[in-house]
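Visitor: Just so you know, the protein sequences line up as chains S, G and Z, in that order. Per the numbering used here, the first sequence starts with residue 283, numbered consecutively. Per the numbering used here, the second sequence starts with residue 151, numbered consecutively. Per the numbering used here, the third sequence starts with residue 28, numbered consecutively.
Treat each hint with caution, since some may be false.
Unchecked claim - When the alpha-carbon atoms are kept at most 16 Å apart in a straight line, the in silico EDC-like pairs for lysine to aspartate or glutamate are as follows:
| hint | chain 1 | residue 1 | chain 2 | residue 2 |
| --- | --- | --- | --- | --- |
| 1 | S | Lys361 | Z | Glu262 |
| 2 | S | Lys420 | Z | Asp274 |
| 3 | S | Lys420 | Z | Glu262 |
| 4 | S | Lys361 | Z | Glu255 |
| 5 | S | Lys361 | Z | Asp274 |
| 6 | S | Lys388 | Z | Glu262 |
What the hints assert, rightly or not - Pairwise CB distance ranges (calculated):
| hint | chain 1 | residue 1 | chain 2 | residue 2 | range |
| --- | --- | --- | --- | --- | --- |
| 7 | S | Pro362 | G | Gly346 | 40 to 50 Å |
| 8 | S | Glu455 | G | Lys179 | 25 to 35 Å |
| 9 | Z | Gly203 | G | Ile273 | 49 to 59 Å |
By construction, these hints were calculated from the structure, which means they are not laboratory data. Note that beta-carbon positions come from the ideal geometry of N, C-alpha and C, so glycine has one too.
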Amino acid sequence: MTIDSTPLREKKVGSANRNVTEPVLRVEGLEVTYYTDLGRAKALDDVSFTLNSGEKLGMVGESGSGKSTMALAMMRMIKPPGRIEGGKVIVGGTDLMSLPERDMRKARLNKIAYIPQGAMNSLNPVMRIGSQMADAIKSHLTGETKSSIEDRLSHALRSVDLDPGVARMYPHELSGGMKQRVCIAIGILLQPNVIIADEPTSALDVVTQRQVMETITRVQSEINAAVILIGHDMGLMAQAVDKVAVMYAGRLVELSTVREMFTDPKHPYSQALISSLPNLDNKGVFNGIPGLAPSLLRLPSGCAFHPRCPHGQRELQRSVRPEARILPGGRMVTCHLYDEEGHAHE
Amino acid sequence: MTIVSNAAPDIVRQPSNVVLFFRYLRRNKGLAVGVLILVALTLFTVIGMFVVNPKHAYPLAAALKQPPSLKYPFGTDFFGRNLLVAMVIGMWQTALIGLLAGGIGTLVGVVLGFTSAYFGGWIDSVIRTVCQILTPIPVLLIQVVVAGSLDKRDVTIFTMAIIVAMLAWMGPTLVVRAQVMTMKERQFVSVAKLSGVSDMGIIFKEILPNLLPFIAASFVGQVFGAVFASFYLAVLGLGPLREPLLGNLIWAAQSQGAFFNGWWWWPLIPAFAMILILGALALVNMGLDELANPRVRRTE
Amino acid sequence: MNVKVIVKRLLFFVLVVWAASTIVFFVPRLSTRNAIRERFGELARSGGFSPGDIEKLIESMNKSFGLDKPLLEQYWQYLNNIVHLDFGYSLSKYPSTVTEVIAQALPWTIGLLLVTTVLSFVIGTLLGAVSAWPRAPGWLRGIATPFILLTGVPPVIMGILLVFFIGFRLQWLPLGGAYSPGVVPTWSWPFFFDLMQHQVLPALSLILGSVGGWVLSMRGMGITIQGEDYVNYAEHKGLSAGRIFRDYYLRNALLPQVTGLALALGTVITSAVVVEGLFGLPGIGTALNLAIRANDFPVIYGIVIFITLAIALLMLILEFVYPLLDPRIRDS
Numbered sequence: 283m284t285i286d287s288t289p290l291r292e293k294k295v296g297s298a299n300r301n302v303t304e305p306v307l308r309v310e311g312l313e314v315t316y317y318t319d320l321g322r323a324k325a326l327d328d329v330s331f332t333l334n335s336g337e338k339l340g341m342v343g344e345s346g347s348g349k350s351t352m353a354l355a356m357m358r359m360i361k362p363p364g365r366i367e368g369g370k371v372i373v374g375g376t377d378l379m380s381l382p383e384r385d386m387r388k389a390r391l392n393k394i395a396y397i398p399q400g401a402m403n404s405l406n407p408v409m410r411i412g413s414q415m416a417d418a419i420k421s422h423l424t425g426e427t428k429s430s431i432e433d434r435l436s437h438a439l440r441s442v443d444l445d446p447g448v449a450r451m452y453p454h455e456l457s458g459g460m461k462q463r464v465c466i467a468i469g470i471l472l473q474p475n476v477i478i479a480d481e482p483t484s485a486l487d488v489v490t491q492r493q494v495m496e497t498i499t500r501v502q503s504e505i506n507a508a509v510i511l512i513g514h515d516m517g518l519m520a521q522a523v524d525k526v527a528v529m530y531a532g533r534l535v536e537l538s539t540v541r542e543m544f545t546d547p548k549h550p551y552s553q554a555l556i557s558s559l560p561n562l563d564n565k566g567v568f569n570g571i572p573g574l575a576p577s578l579l580r581l582p583s584g585c586a587f588h589p590r591c592p593h594g595q596r597e598l599q600r601s602v603r604p605e606a607r608i609l610p611g612g613r614m615v616t617c618h619l620y621d622e623e624g625h626a627h628e
Numbered sequence: 151m152t153i154v155s156n157a158a159p160d161i162v163r164q165p166s167n168v169v170l171f172f173r174y175l176r177r178n179k180g181l182a183v184g185v186l187i188l189v190a191l192t193l194f195t196v197i198g199m200f201v202v203n204p205k206h207a208y209p210l211a212a213a214l215k216q217p218p219s220l221k222y223p224f225g226t227d228f229f230g231r232n233l234l235v236a237m238v239i240g241m242w243q244t245a246l247i248g249l250l251a252g253g254i255g256t257l258v259g260v261v262l263g264f265t266s267a268y269f270g271g272w273i274d275s276v277i278r279t280v281c282q283i284l285t286p287i288p289v290l291l292i293q294v295v296v297a298g299s300l301d302k303r304d305v306t307i308f309t310m311a312i313i314v315a316m317l318a319w320m321g322p323t324l325v326v327r328a329q330v331m332t333m334k335e336r337q338f339v340s341v342a343k344l345s346g347v348s349d350m351g352i353i354f355k356e357i358l359p360n361l362l363p364f365i366a367a368s369f370v371g372q373v374f375g376a377v378f379a380s381f382y383l384a385v386l387g388l389g390p391l392r393e394p395l396l397g398n399l400i401w402a403a404q405s406q407g408a409f410f411n412g413w414w415w416w417p418l419i420p421a422f423a424m425i426l427i428l429g430a431l432a433l434v435n436m437g438l439d440e441l442a443n444p445r446v447r448r449t450e
Numbered sequence: 028m029n030v031k032v033i034v035k036r037l038l039f040f041v042l043v044v045w046a047a048s049t050i051v052f053f054v055p056r057l058s059t060r061n062a063i064r065e066r067f068g069e070l071a072r073s074g075g076f077s078p079g080d081i082e083k084l085i086e087s088m089n090k091s092f093g094l095d096k097p098l099l100e101q102y103w104q105y106l107n108n109i110v111h112l113d114f115g116y117s118l119s120k121y122p123s124t125v126t127e128v129i130a131q132a133l134p135w136t137i138g139l140l141l142v143t144t145v146l147s148f149v150i151g152t153l154l155g156a157v158s159a160w161p162r163a164p165g166w167l168r169g170i171a172t173p174f175i176l177l178t179g180v181p182p183v184i185m186g187i188l189l190v191f192f193i194g195f196r197l198q199w200l201p202l203g204g205a206y207s208p209g210v211v212p213t214w215s216w217p218f219f220f221d222l223m224q225h226q227v228l229p230a231l232s233l234i235l236g237s238v239g240g241w242v243l244s245m246r247g248m249g250i251t252i253q254g255e256d257y258v259n260y261a262e263h264k265g266l267s268a269g270r271i272f273r274d275y276y277l278r279n280a281l282l283p284q285v286t287g288l289a290l291a292l293g294t295v296i297t298s299a300v301v302v303e304g305l306f307g308l309p310g311i312g313t314a315l316n317l318a319i320r321a322n323d324f325p326v327i328y329g330i331v332i333f334i335t336l337a338i339a340l341l342m343l344i345l346e347f348v349y350p351l352l353d354p355r356i357r358d359s
């Protein structure tokens, strides 16, 4: 059963935000395909969601599920053999996907900033930190005086708890946590509307991880940006974000508030993810998710999750691709179990 | 909890190795062209060796100073060498020097590189330091000293090869050493060590096969270097003067002022032959480098 | 860079020169041929020497290659002479000393080398950087291809081809020599122009074949650098392509290229020497060529040691340039 549901779905996603404010970020039907020697891989398949100013969205999923592709696509940084096949990314009223390349370059960091995954190697080893921050400013703003740039640097460094003197240092003189803070400082230099942090804490130790997360939360509230946090660590995520999006095989399978996600996950994959978390009740008993993440080159037919799904053995799951549904209360889930107005039918 | 058994992803069908090899050659055109030229040159000299009379490559075997004609396709030189025959013999000798010197250099390099990296400690320090000290010394000039110290009658194709190989083992030593060092840290070597395979067993069964692409690339590089070096020595008049080695022909042509006297074919023919040989070797060398270091592989 | 590193570098420099000198000292002694006596006998027979000169020559021979003292003492004396840049007398240009022969030839060689090395390094590095840069226009990337094809051609052969096609056939440029025969060297524009005309073909022979090498190494490095997180992140920062190319990509890819330059010095200088000989420019190469033809061994040995000295010195200088390019080395 194929439903021509694009406009309908759009409306539903829109109405899901009970906030009256216009969302600062609106992603609609984003699609990315990689054309490899071995075939086509759909890395991002019809992803849509919205985010308001000041909101924090956590994006989780196994590696290869499309989280990082999501971030790159929103920055329009997908490199060949990958290609953005369609969709819109509307930030503050402008669709980034339709901008000319020159304006897109201006939009990066200014409207939408990216905090890299490997902050360890993300800074140019032969340039001072200050120059690497200053060139970002100079590339976007004209007519800045030397002292005003200087002020911006000190301010940005201070707001991530770094001494302004760091500007005169080289990356190899900084610790991993400090480098990550520098990247956050660069991210907020121009006070963007949206900040995407791609596993910002993956290479750091636990204590530093927590500090960096706190820093992100603080600077975000300072500039009131919408933040997308990409990561594996559900625990770390739970404390930092307002909403959680679960990705599977290039699709957004569930999007709900943190509380809803942790107390009552809807999608069977979300349920498996949540129950695989260690907690006080099932200490030491880890329920891994059975089966392997599918290869994007050869996705299972119908619902991509059906071979691993405890309810996936019916003809419907195997042959028909589920569409995104909005459940009463505004949660979004992409699963056949909720086809009829959110009532699970077994 | 239900375990879903048919969850393993479908394996994407890999094309066969042969197909992949040809696909690779199509992308790595340099390697293909280089191999093609080398095969053609080999055919030229091998078939030539059966067809021509080798004596005609030496002085006073043919008419003097004849421009290229039907009888002498490449002409003859001031001393009465048939240049076509001289090319056949000269390329054969060039190949001999190159393969011999390249082989010796690579062999010494592989042995020293392995010893250095595998056993480490003071052996490593000594070998590495010696290599580092010898590397900046201009090899050709030392070869000039060596060749110049020999009695002219002692300079033969074989002594040339030895002279060239004498100072050519440092490069392969350092390359092999670096590769073995990284390989030593890899999982499969540790596993072999833990399961009680002997040092020699690890070297020959585990590390050497993985090093073969590097050794092959290094060997071709060495052959290139040896051909280059022996050519320079000969151009300076330090080669076996009687032999129709390509460099010797050019040296002789220069000495007799071939261009001024209008015998343009005399230096040009060996020059073009040398370009073909060195060009083909350079292409193969680059191609193998690309094969051995996928990092250099061109992005497509 | 601390004192320990500097001392280490200086020690390395001394060791390289010492090793070359030692090879040059012992290799001729291992051979059965006594080159000096041979040459000396030749000279005496030809009778071009006054008895006083011969005495002086023998004295110089005994001093630098002393045939009467024990080997170790000779060796010590020899090393001592080298420290003072004293390589004895030239046999074919007596009473000039080897040092004088080298000093006369040196400016020519330095001029040619400097121009050709700088040009081919700069052109090759830029072309290599551009040819690995995916956003560079196609025609710009295509310029590199002919240079790559010329990589295997030795400078001598390039020289022969240039002499034949441009010198003989087209008669655009002079065939050889430092300046036109009959022209008197003066400090004037016409003479300078004449001089430069004679330098074009030798310079081209050295440049054409060596640009490709720099292109290839830079291209390889460039591809690696492009995969680095910091280049990627620079694009995320919204920097312009030009700025990323210059500050993020080129500057980092340049570091190994400079090391490559240090390693290539030997080949570069050797090629220059051989090409000079081919064109008959009055530099070190021609001096070496003449010395080989005249069995002038002190000059041959002197030139070999001198060039090694020069290479080791240049490498030493580059070692001190490197930290200026890479702050990581400055602190380690």
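Visitor: Indicate, hint by hint, whether the structure satisfies it.
Guide: Hint check:
1. Between Lys361(S) and Glu262(Z), the direct Cα distance comes to roughly 12 Å. Compliance with the 16 Å bound is thereby established for this hinted pair.
2. Distance check on the hinted pair: Lys420(S) and Asp274(Z) sit about 14 Å apart at the alpha-carbon level, within 16 Å; holds.
3. Between Lys420(S) and Glu262(Z), the direct Cα distance comes to roughly 14 Å. Compliance with the 16 Å bound is thereby established for this hinted pair.
4. Distance check on the hinted pair: Lys361(S) and Glu255(Z) sit about 14 Å apart at the alpha-carbon level, within 16 Å; holds.
5. With a C-alpha separation of about 21 Å, the suggested pair Lys361(S) and Asp274(Z) falls outside the 16 Å cut-off, and the hint is violated.
6. Simply put, Lys388(S) and Glu262(Z) have alpha-carbon atoms about 11 Å apart, close enough for the 16 Å limit, and the pair holds.
7. Take Pro362(S) and Gly346(G): their Cβ atoms lie about 48 Å apart, and the range 40 to 50 Å holds.
8. Here the CB-CB span from Glu455(S) to Lys179(G) is close to 45 Å, at odds with the stated 25 to 35 Å.
9. In this structure, Gly203(Z) and Ile273(G) meet the distance hint of 49 to 59 Å, their C-beta atoms being roughly 51 Å apart.
Comparing the model with each numbered hint stated earlier shows that hints 5 and 8 do not hold.
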